[in-house]
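Chains as they are written, first to last, in this note's numbering: chain A, 1 to 163; chain B, 1 to 803; chain C, 1 to 198.
Take the hints with a grain of salt, since some may be wrong.
To be verified - Taking lysine to aspartate or glutamate pairs in the DMTMM-like style, the calculated list, with each CA pair at most 20 Å apart, reads:
{"id": "1", "chain 1": "C", "residue 1": "Lys80", "chain 2": "B", "residue 2": "Glu139"}
{"id": "2", "chain 1": "B", "residue 1": "Lys795", "chain 2": "B", "residue 2": "Asp663"}
{"id": "3", "chain 1": "B", "residue 1": "Lys256", "chain 2": "B", "residue 2": "Asp551"}
{"id": "4", "chain 1": "A", "residue 1": "Lys3", "chain 2": "B", "residue 2": "Asp121"}
{"id": "5", "chain 1": "C", "residue 1": "Lys4", "chain 2": "B", "residue 2": "Glu713"}
{"id": "6", "chain 1": "C", "residue 1": "Lys119", "chain 2": "B", "residue 2": "Glu139"}
{"id": "7", "chain 1": "C", "residue 1": "Lys80", "chain 2": "C", "residue 2": "Asp43"}
{"id": "8", "chain 1": "C", "residue 1": "Lys86", "chain 2": "B", "residue 2": "Asp67"}
{"id": "9", "chain 1": "B", "residue 1": "Lys164", "chain 2": "B", "residue 2": "Glu151"}
Hints in this document: simulated from the structure, not taken from any laboratory.
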Amino acid sequence: MAKQIVKMNLNGQEIEQLVDSRMLLVHFLREQMNLTGAHIGCETSHCGACTVDIDGESVKACTHLAVQCDGCDVKTVEGLAEGGVLHAVQEAFYEEHGLQCGFCTPGMLMRSYRFLQENPNPTEDEIRTGLSGNLCRCTGYQNIVKAVKSAAVKLQQKESATA
Amino acid sequence: MNAPVKTPEERKAELQGMGDSRLRKEDARFIQGKGQYCDDIKLPGMLHMDIVRSPIAHGRIKKINKDPAMAIPGVHAVLTADDLKPLNLHWMPTLAGDVAAVLADEKVHFQMQEVAIVIADDRYIAADAVEAVEVEYEELPVVIDPYKALEPNAPVLREDLAGKTEGAHGARDHHNHIFTWEAGDKSAADAAFANAPVTVSQHMHYPRVHPCPLETCGCVASFDPIKGELTTWMTSQAPHVVRTVVSMLSGVPESKVRIISPDIGGGFGNKVGVYPGYVCAIVSSIVLGRPVKWSEDRVENISTTAFARDYHMDGHLAATEDGRILGLKVDVIADHGAFDACADPTKFPAGLFHICSGSYDIAAAHCSVKGVYTNKAPGGVAYRCSFRVTEAVYLIERMVDVLAQKLNMDKAEIRRKNFIRKEQFPYTSAFGFEYDSGDYHTALEKVLDAVDYKALRAEQEQKRNDPTCPTLMGIGLVTFTEVVGAGPTKMCDILGVGMFDSCEIRIHPTGSAIARMGTITQGQGHQTTYAQIIASELGIPSEVIQVEEGDTSTAPYGLGTYGSRSTPVAGAAIAMAARKIHAKAKKIAAHLLEVSEGDLDWEIDRFKVRGNDEQFKTMADIAFAAYQQPPEGLEPGLEAVHYYDPPNFTYPFGIYLCVVDIDKGTGESSIRRFYALDDCGTRINPMIIDGQIHGGLTEGFAVAMGQQMPFDEQGNLLGNTLMDYFLPTAVETPTWETDHTVTPSPHHPIGAKGVAESPHVGSIPTFTSAVVDAFAHLGVTHIDMPHTSYRIWKKLKEEGVQL
Amino acid sequence: MEVKLDKRYELGVPAQNAWAVLSDLESVASCMPGASLGEKLGDNAYKGSVKVKVGPATAQFGGEVEILSMDVANKSLVLKGKGADKGGSSASMELEATIEEADGQSILVGLATVIVNGKFAQFGGRMMVQVSDVILRQFVDNFIAKAQALSGSDVTHSADTGANESHSETANELNGLAVCWALLKSWLGGLFGKKPAS
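Bound-form chain A, shown alone (with noise of 0.2 Å):
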């Protein structure tokens, strides 16, 4: 099995980590580098429990190579806090009740981190529709739109504090 070195920056850290050439990220991030917040629960990447963010883009860890990462940004669940403050969708699953179980919710997170970026102020259809790669057993989704709402708001009041 050939091994390869592959560098990324993981969650804002720079790694260089030493891998099979077969290792799936999942796998990479699991159990090599500890970060079990990506989940999986399939293994033909309909069910979105693996979500993470690859520059800029939501992508399903299970269906994606660890080599693949090399030189790329790379941002897990266990990233999306900064110094200890919640971002504004965890925050809002919270407020919202949109978890049970919580083994949809990493992936579910990472999804409406990145949706938000793509669509600010988006509609219910289109949280729906934004949220399609992310299954869950236990919420029926009515409360994950109504957190994914009320994450846009907060993120749209702290822009124009900011701004």
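Once you have looked at the hints, place chains B and C on chain A.
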């Protein structure tokens, strides 16, 4: 210090106790990716286990060649049934009194059955090794249809049961027959039908589906050879029962077995039973002396772990001309798969199916359920079913609709006519259930008013008379009563262990507390709701009450969380344990205030001397005092434990109404409206209840509108990945409207009934009722699920509906 | 999972040539892309294998093929094949193949019942008919080439060539990617009104 005096309302609000929609205490770790699920666990020296599975549904194993797998560097072991034989672990007892193969012993009985396991350094090498193990099979004829399985010349599935004419639940009259279970009074029912002016019958299939929680099953087994202790982290909804079973199977004393259910990513009944994967991981760890992790993938989960339903039901109702039901008869063929591994209380091989007289006052009733073996994975009881209550409620609600249609009566009207009336509670049904409380009429009127039922029917009538209308409109109505909270030990046991539950509470000197229960949350929010119960009982803020579950070394023995039993049983244990502490606290308060107990009143968070508001002691004061110098005759400390044996089940109920618009051209259904009124008795946290209901309704939507597990003639399971198995996304999922009434349970310490499965039990027949209602004017009385666009499109063609 | 195939292929070669190839198990086997014949098991039965390549991955199906009956006068035979790969897929096929004549030209008529089990059925089930179509097209092209090569030489049938040990490898393996490409082309062609070659 002179802090401003708080009003009782303010003090109550600070407790964030019962009735408060307080935010959840468990969320902090989940929103930061710091949950600890089984696959997150990493131990030094840990190995990975993967499973070689049968590609065919029925056959003999001719040869297994382990060598190519053993030759791969990093592979430690390859085990088959032969390796487990000396330990007598190649077969294991099931929860239903049958045996199931751990690793296929000479024969495979269903596609994807476990045949061998490989243990390797990492999951990649283990996956390589699985591909390398060579197994030769001799194919045998396959039985997929349970009716065909009962034909005289049907292939023999269970050679290990040859000659056994007595099963765990009575006589067996055919080699593929498991049991026949009956409830009610057959002769009374027959008499009612013989004399009835009107009878209706309907055959219906509740198809096989799978709970598919987002986290698959798995475990990390770690045997310490020096201490002789086994610790296993497991996705288990019933860790104590598993501990007892593991101890019995392995011979390791229960005192040296520790099962830990960490955070669980959804259970829904999929994580109740003991799977071969767990047993093999434990055996491997014991043999190798190192931790072994097993994490199944999604295909394995859907193909082999506990499926749900697969009941072929024939329902019959007898009634008067004006719609008063006189009798109910039900016959069921239950497809259990290759082994009877149903997670039911021992005495109930068909679960609580006999709740099928529903919310109605039916004098004479009888039901019979026949369990059958087929070449499919084992299971049957799972997926928010409350032990077959999903099937029972589906049956009766469909039958009532069929009767209404026959008599040309409105579906709401016929229900009003037959409801058990409020004054009749507690009501004993023809099947022997003693319904605790209910007020169905009030709830029904509330829903019909909220949706303006009359206007909806008028709209439907107008649309039916308009040939240019592009849709068929259907209104579904379900008025269900379900039964949860298993259960009284005199009738409910799992492998002999009574289905009580437990709670221990310890108050610390500085007024905060820790509490542990025998249940285990998988997203239901126990860490919050249980704390809220204690907060209201003891006047301590829920914020400082630490709730722990799932570690068998610390939690008191309980039967776990499934069948909506946590609030009815553990919730009661919590209240009772809290009241023991309350009683001791009162004594301490009396001592501190130098009055007699009779002079004290309890108000929210303190004991007050009657008539003197200035003289009081808060629970916090009392806690400290308990550790200082307790009064004569009392031990120091402030704690209690209670094991609660419920006197009865509880009977939550609901009224659900659904409006569907079906496109005449494509068969696509649009759920215009879904109104769900639930009565779960006392409501602990309305926000959490609503969340549970949204989730249950969504899973119900998935079952009714798209989930299926089709098998071809060779027993291949077609569609065992998320490419095919319908898990709705945010796009398909409707917006749910929730409502409630409160009819407390008179026998429950806090009047609560449990709620999480009601939305699933109730919504599935509601969707079917709506879809059928859309076709009812054409004489259609029933359409089997799932109501995919394709199947509805075919129905449209069949009925000659033109765009 | 069962698939029934009912195919007619115009061969453009004399019927005798076609029958000569069809009735010789070794010849026929060598037309099947990726197939090779191995040990002889009986008068009309052989062990065989088919190698499928998709990109860098190769799977090998091992099995048996047997001529159940042969009707020389009507140029028709019934053949049964079954195979399994170690990865958990198996297939069996019963094929009735006939060379029909019309206006001096020959047509290969095939009626087959194919049963597929295991992983193929679970995941590939929905593609079965289309994939079979493409594979059979390749087979027929090879068959025609072989039949054409026979013209001018003695075309008497030889049933038993005593090929106990020889493995007649085809030039081309069954290339999975090529099959997918062919499928894609025929699907795209269908979108623009062209009927895919049957």
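Right, here's what the structure says about each hint:
1. About 16 Å separates the Cα atoms of C/Lys80 and B/Glu139, which keeps this hinted pair within 20 Å; it holds.
2. Between B/Lys795 and B/Asp663 the CA atoms are separated by roughly 12 Å; this keeps the pair inside 20 Å, and the hint holds.
3. With a C-alpha separation of about 13 Å, the suggested pair B/Lys256 and B/Asp551 falls inside the 20 Å cut-off, and the hint holds.
4. Using a Cα cut-off of 20 Å, the hinted pair A/Lys3 and B/Asp121 holds, with the two alpha carbons roughly 16 Å apart.
5. The straight-line distance between the Cα atoms of C/Lys4 and B/Glu713 is roughly 14 Å, inside the 20 Å bound, and the hint therefore holds.
6. Taking the CA atoms of C/Lys119 and B/Glu139, the gap is about 15 Å. The hint holds against a cut of 20 Å.
7. Pair hint C/Lys80 plus C/Asp43 holds up; C-alpha atoms about 14 Å apart against a cutoff of 20 Å.
8. Simply put, C/Lys86 and B/Asp67 have alpha-carbon atoms about 14 Å apart, close enough for the 20 Å limit, and the pair holds.
9. Restraint check for B/Lys164 and B/Glu151: satisfied, since their Cα atoms lie roughly 18 Å apart, inside the 20 Å limit.
In this structure, every one of the numbered hints holds.
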